[in-house]
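Given the structure of chain E, go ahead and fit chains V, U and P onto it with the hints provided.
Chain by chain, the residues run as shown.
There are 4 protein chains.
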Amino acid sequence: MKETSFLHIAEQYKAIFLDSYGVIKNYKGLIAGVQDTIDFIRHKGIALRILTNDASRSQHQQAESFYKLGIRTIETHEIITSGMMARQFLQNKIHAGRIAYLGTENSAEYILQSGLEHVSVRDIQLDHIEDISAFVFLDDEGFDWNTDINKTVNLLRRKNIPVIVANSDKLYPVSKNDVAVATGGIAKLVENMLTKKFIHFGKPDSQMFMYAFDQLNQKGFYSKDEILMVGDNLNTDILGGNKFGVKTTLVLSGNTSAENAEMQINASGIIPDYICNSIVS
Amino acid sequence: MKETSFLHIAEQYKAIFLDSYGVIKNYKGLIAGVQDTIDFIRHKGIALRILTNDASRSQHQQAESFYKLGIRTIETHEIITSGMMARQFLQNKIHAGRIAYLGTENSAEYILQSGLEHVSVRDIQLDHIEDISAFVFLDDEGFDWNTDINKTVNLLRRKNIPVIVANSDKLYPVSKNDVAVATGGIAKLVENMLTKKFIHFGKPDSQMFMYAFDQLNQKGFYSKDEILMVGDNLNTDILGGNKFGVKTTLVLSGNTSAENAEMQINASGIIPDYICNSIVS
Amino acid sequence: MKETSFLHIAEQYKAIFLDSYGVIKNYKGLIAGVQDTIDFIRHKGIALRILTNDASRSQHQQAESFYKLGIRTIETHEIITSGMMARQFLQNKIHAGRIAYLGTENSAEYILQSGLEHVSVRDIQLDHIEDISAFVFLDDEGFDWNTDINKTVNLLRRKNIPVIVANSDKLYPVSKNDVAVATGGIAKLVENMLTKKFIHFGKPDSQMFMYAFDQLNQKGFYSKDEILMVGDNLNTDILGGNKFGVKTTLVLSGNTSAENAEMQINASGIIPDYICNSIVS
Amino acid sequence: MKETSFLHIAEQYKAIFLDSYGVIKNYKGLIAGVQDTIDFIRHKGIALRILTNDASRSQHQQAESFYKLGIRTIETHEIITSGMMARQFLQNKIHAGRIAYLGTENSAEYILQSGLEHVSVRDIQLDHIEDISAFVFLDDEGFDWNTDINKTVNLLRRKNIPVIVANSDKLYPVSKNDVAVATGGIAKLVENMLTKKFIHFGKPDSQMFMYAFDQLNQKGFYSKDEILMVGDNLNTDILGGNKFGVKTTLVLSGNTSAENAEMQINASGIIPDYICNSIVS
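Residue numbers (this note's numbering), protein chains in the order written: chain E, 174 to 454; chain V, 174 to 454; chain U, 174 to 454; chain P, 174 to 454.
Hints may be right or wrong, so weigh each one.
[To be verified] A partial selection of chain U residues facing chain E, derived with a Cβ cut-off under 7 Å:
| no. | residue |
| --- | --- |
| 1 | 262 |
| 2 | 369 |
| 3 | 383 |
| 4 | 398 |
| 5 | 416 |
[Said to hold, decoys possible] Some chain P residues near chain V, calculated using beta-carbon distances under 8 Å:
| no. | residue |
| --- | --- |
| 6 | 261 |
| 7 | 262 |
| 8 | 266 |
| 9 | 270 |
| 10 | 335 |
| 11 | 336 |
| 12 | 369 |
| 13 | 372 |
| 14 | 379 |
| 15 | 383 |
| 16 | 398 |
| 17 | 415 |
| 18 | 433 |
| 19 | 437 |
| 20 | 438 |
| 21 | 442 |
Bear in mind the hints are in silico, worked out from the structure with no lab data behind them. Keep in mind it's a predicted model, so treat the numbers as computed, not measured. Virtual Cβ for every residue (Gly too), placed ideally from N, Cα, C.
This is chain E alone, in the form it adopts within the complex:
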């Protein structure tokens, strides 16, 4: 666990998993120099996947967004979002009824495209919930927090159904200094009110790692120690990567600053294999 050149580390691995926010981009846009690193990874023939805790935009929308930012070599299938994991779960487990959600219409459309009808909490009448078969926390936007969070609490008190959190991040950055409560934070509030545990998707949970790992191994053979997870967040990227068994690199270009990286590592006991300033250099 020593600070060192990212490119030097990267070239020792057969596959690299990159977190998006804080690694490739930040609140100002693309992190300068990232395109060169991605070119380097491509040139070396290293497989690349983007693992992002995001349930507000589809895989396709994410790819478009990278394209607009100037990174033109990331293909849609290389992007893995927590929202995709939630959708997969719903397809496997929920086969009837209506799926209720808290979030935007856009996120509902791509996540809940499982052939079942979906309904925003806003439009639910608590006296007509017989056919609600699952609930999904999708996004922190698209609803009235006061009215609709309370409605969610009462819906889930009245009906014991599977509850899915499509992105378990508690906060997301909105500017250099400030954050906003994310989907996972709202879900946590409701979990506390009900003293229940929902099903969470997104790092540090292993579904996205597993998905990326299985996808890679359909095209070749990749053992876990040939894969490097790169992220800016100890509690999601590094904890998740460590638990899954791949190597991990903490970058200091996002959530974790150079000043407090060591302190946070010591306090949490979450230890990356490497620390780099960023993926640029």
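Using the frame of chain E, we list chains V, U and P on its own:
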């Protein structure tokens, strides 16, 4: 711990502490027959105090509300609210600056009457917070949940000041079946986002018990085993009473139903000294 | 989620994952009739795996134990233990130094066979820990609780290394009524003392599900909705299965009794797809 | 909240509450110079109380210990221990049956002197527990951790009785670098196993503050803002003092070092009114 007549129990004590909601009144108004019980307590010369987790209305407003409901013998000084405890704390500990709050203007006025200026989160500019010296969670109303909870998170990330929760209840009932997230629930959300612990007022914390106990002992001598706490909630009334060392009665007229009282007692390990259907009979 | 015949459910799936304790056997030995169910599964050509939170005995020792109990058709490779997952992790992530452990010599031998030296906490001198590169909670036996748990706390205060919990179960049954604190309970105590999070193996975490799933898919094609997880414990078997995305059956022959199954499901929000008395019938 | 001279602060208060370990003494014995500070407090006519989370020795034994260390002016009644609070609770609330305990014979004798028979967990037969009416966690010594902690778990699974933790400290220091798991840590383990909440005594809970405050006010008039709590531990001394409403001073002579005081204050949100190197100077 056996079900029995409340009046029979009550007459063995020198002082009785009653929770308000679920004991004296419920979502429909006064619980039928409560007036007779209070007359009985008065007739027997037993001291009475109302201990209520409420920071939305002043002691005076509470007394008026009882009067309007038809209970005309409860005096203002017999009512003890968690909001009073918060006010007392602020008076003792905060002597300069502006006090920021989340809640209604009404609750701010009576709780924050300590000579210091107070300011709603709504009206704060995050770039001008130098003189904010404390923060108080007062009520679940009087602000925009989305905008102002996020603003609170960022304010408390930028400035490390004492944070007070004037009522730590997480939920309150709004109808026979439904509840709403209370001040304590919103405060818990923010605590989770910041991984900090705020200063909570209200049962089960002991400040209200202590206040009532000291007040009684200025007028006579009351030992703890001569006092009976009566409430409908294991986690606040009974836990708080047990911890403070007074006797406790769980009533089944509110939060805890006859069907699941035993199960909840076994699951929580919070054991009342008595169980009664209600304070009526 | 209705009580129904296990055999009738089972024959609709291509693969079945069985928990061991409370499903196949209990404190008295084999559950009567289990052999017939396993014969039925074999006869129908359904793939079978045993997923057990156990780090005290190797895959081979477990298979032998089933053989001695009279179930002669379970092959070693069909058994997946949390200890195997811990071993795999250590092989992937720890390549130097000595591995310290709390547990028996037997469990240390099979889990820590990664070419690295291992040392019991009992034999560690806290002044010579430079080369300790990881710590593993293996078993609740094989050490002095007072001396060696305290030594573990101090070792992990002095040195920030990866800490692995080879079985995250907090309790295990020792007779009809009684339980004992398990490895996961001891690890939880130490986590609380240090306010750190260790890396836990065993259900509900998904590593064992993933391992079984990948193993199956090397021999054929099994989608998640063709797999049924069967267990007696909502918090490990059912939560883990639900989260992984396979179908789940709660059996009432172990940890969860018929009387309180519904209450526990409502309280926890962990909802099995089916409930059966046992796998027998 | 600025570092400053303790004597200068002290003389502004009418009463001072001192924590013992880390403030008056440490693992090596008396902190040099403490006698002068206590003489100063006496000379100024400031009331003094020692508030210590300790259930292993009686008030009298503690006073003797100070005397032997050379502080000859601390009277027995000025010492307030968490064990005294537990004893008071038992006297108020438990009037029949036998009290079971985990701890030493010595601590049992002074805490459980309420006229009721007490019995060590070691000597309990789990088939004869009909008359056990309460359970007390007294000390981390005097029993076999493996056997007797497991016995405690099973006793409390079989019988739902009030459980008291006479000292809620999770750790105590045994040398410059090392700690040991304390009574409160063992109780926390058992609470986790049972998912129940016990009744905890000792700072940060307010019973000791309340006791000292009431005692003072029987001899004069002391308002909360005339009292200063001094301690080395943010989570017990400072949190408890802040919550009770007295002024607080963090000293850097014990648990909290000068290097990480600011970081810990920011991370926890527990803010002392003053910070001093020690009470000496």
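* Of the hints given before, which are not true for this structure? -> 9, 18 and 19
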